[in-house]
Every structure is written in structure tokens, then in C-alpha cells.
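Peer 1: Take a look at the letters that make up each chain.
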Amino acid sequence: GESVGLHLPTLSVQEGDNSIINCAYSNSASDYFIWYKQESGKGPQFIIDIRSNMDKRQGQRVTVLLNKTVKHLSLQIAATQPGDSAVYFCAETPNSGNTPLVFGKGTRLSVIA
Amino acid sequence: EPEVTQTPSHQVTQMGQEVILRCVPISNHLYFYWYRQILGQKVEFLVSFYNNEISEKSEIFDDQFSVERPDGSNFTLKIRSTKLEDSAMYFCASTGTGNEKLFFGSGTQLSVL
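First to last, the sequence lines map onto chains E and U. The working numbering puts the first residue of the first sequence at 1, with every later residue one more than the last. The working numbering puts the first residue of the second sequence at 1, with every later residue one more than the last.
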């Protein structure tokens with residue numbers, strides 16, 4: 001079946017460096033994507049979303065890039081801080097009717113002080 | 001900032017017992033969801049609920065599961081006869097716009113012994 005997945009299960013970065021977390025999706029009908037951050041013992045926290053009619057969207061210190069040609073999504077975190085340490089999930093949906101969000105497996109980001 | 005509230009934070013039960021997990025979604029939201037996450041794995045969709053009925057459910061959401069919105073504020077997930085494999089973190093989520101920007105609670109950790 002179609003699914004959303006992540007290239008790298010773990011990522012370690014030096015504090016102050018930029019982080020890039022990648023996600024591949026296989027559902028060509030997907031047109032809405034979200035990145036969530038999950039800290040230990042907590043629920044997923046919304047970071048940023050993007051629709052398929054956009055290639056890039058920026059938030060505060062975060063940028064999401066969408067490449068529909070290769071069905072690839074990435075989350076860039078600028079000037080990574082210790083508080084960014086968490087598991088990051090991408091999620092997608094065709095956004096048709098009430099089709100639920102499908103989550104990827106997650107990437108653990110560890111920030112080295 | 002409004003948030004989704006879940007109780008209890010931890011629930012321990014014996015196999016075969018019934019459990020009810022409780023959620024208070026964000027007050028002006030119309031769409032409600034239950035997801036679960038087995039330790040170390042991705043977040044999995046269970047069920048969505050809109051206009052006082054189930055909109056969609058996954059294969060996980062079998063006859064042992066039910067949801068209810070007993071009043072204007074609570075949204076509950078009942079597992080009728082728990083199994084060992086039901087042990088997981090259960091997340092409630094809500095949104096005002098149907099499958100976009102879901103806001104998650106902190107979860108209920110269910111342990112079935």
C-alpha cells in the first residue's frame with residue numbers, strides 16, 4: 001500500500017548548525033503535508049504545513065520544501081538549538097473528504113551542545 | 001493557548017478489562033480523532049469523528065473499540081476487552097478544518113497486563 005516514510009531514523013547536529021530532515025511519500029494524490037515535533041512523553045506538536053501548490057514555505061526558523069516530482073518533503077531547521085531535540089514526523093493526506101493523516105516513522109534529532 | 005486535554009495520563013489495566021480514555025478537544029473544533037503510538041513506532045490512525053458520527057476508521061479500530069461524544073465537551077475512546085497488544089500511547093486530536101493542522105493532546109499511556 002502507499003505510505004509515508006523517512007530516509008534517516010536518527011540525526012545528530014551541532015548546536016547552531018542547520019538541520020535537514022527528509023521524508024519520502026508514495027501517494028501521488030497527497031496534496032497536504034505537515035511536519036510534527038514530538039518530545040518525549042508528549043503528543044505531536046504542529047510545526048509547519050504546506051499544500052501541493054507550493055514548493056516552499058517558511059516559518060520561524062523552519063522551512064518546509066516540497067518536491068512533487070520525486071515525492072519528497074524536507075524540514076529545515078535553522079540554527080538548531082537543544083530545545084529542538086525531538087522526534088520529527090511528516091504526515092500527509094490527499095485532503096479529500098475526511099481521509100486521515102498518514103504519519104511517517106519519524107526521525108530523531110539530537111542536538112549536541 | 002487552547003489545547004487538547006487527555007485523562008488519565010497513565011492507565012494500567014488487566015487483560016480483558018474495559019477502559020475508557022477521555023479527551024476534551026479544543027472548544028470550537030468540529031473534527032475529532034484518536035491515534036495511537038506503540039512504543040518506538042509511528043503514530044497510527046484509529047478513528048475520526050464528525051457531526052456525532054464516525055467518519056472513518058482504520059483496521060485497528062475493530063469491534064472492541066468505540067467512541068462517543070457524550071456531551072458538548074468530552075470525546076471518549078472505549079476499549080471493551082483489552083488485549084496485551086492494545087498497550088500503547090493513545091492520542092486524541094482535534095481540528096476545526098477537517099484533517100488539517102490537527103492539534104494533539106499529550107496522550108494516555110495504556111498498559112495492559
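Calculated directly from the structure, the hints in this document are not laboratory data. There may be inaccurate statements among the hints.
With a Cα cut of at most 30 Å, we get these calculated DSSO-like pairs of lysine-lysine [said to hold, decoys possible]:
#1 U:Lys101 / E:Lys68
#2 E:Lys105 / U:Lys83
#3 U:Lys57 / E:Lys42
#4 E:Lys105 / E:Lys71
#5 E:Lys56 / E:Lys42
Peer 1: Each hint should be assessed against the structure and marked as holding or not.
Peer 2: Hint by hint, here is what the structure shows:
no.	hint	verdict
1	U:Lys101 / E:Lys68	holds (20 Å)
2	E:Lys105 / U:Lys83	holds (24 Å)
3	U:Lys57 / E:Lys42	holds (24 Å)
4	E:Lys105 / E:Lys71	holds (16 Å)
5	E:Lys56 / E:Lys42	holds (28 Å)
The structure meets every hint from the earlier list without exception.
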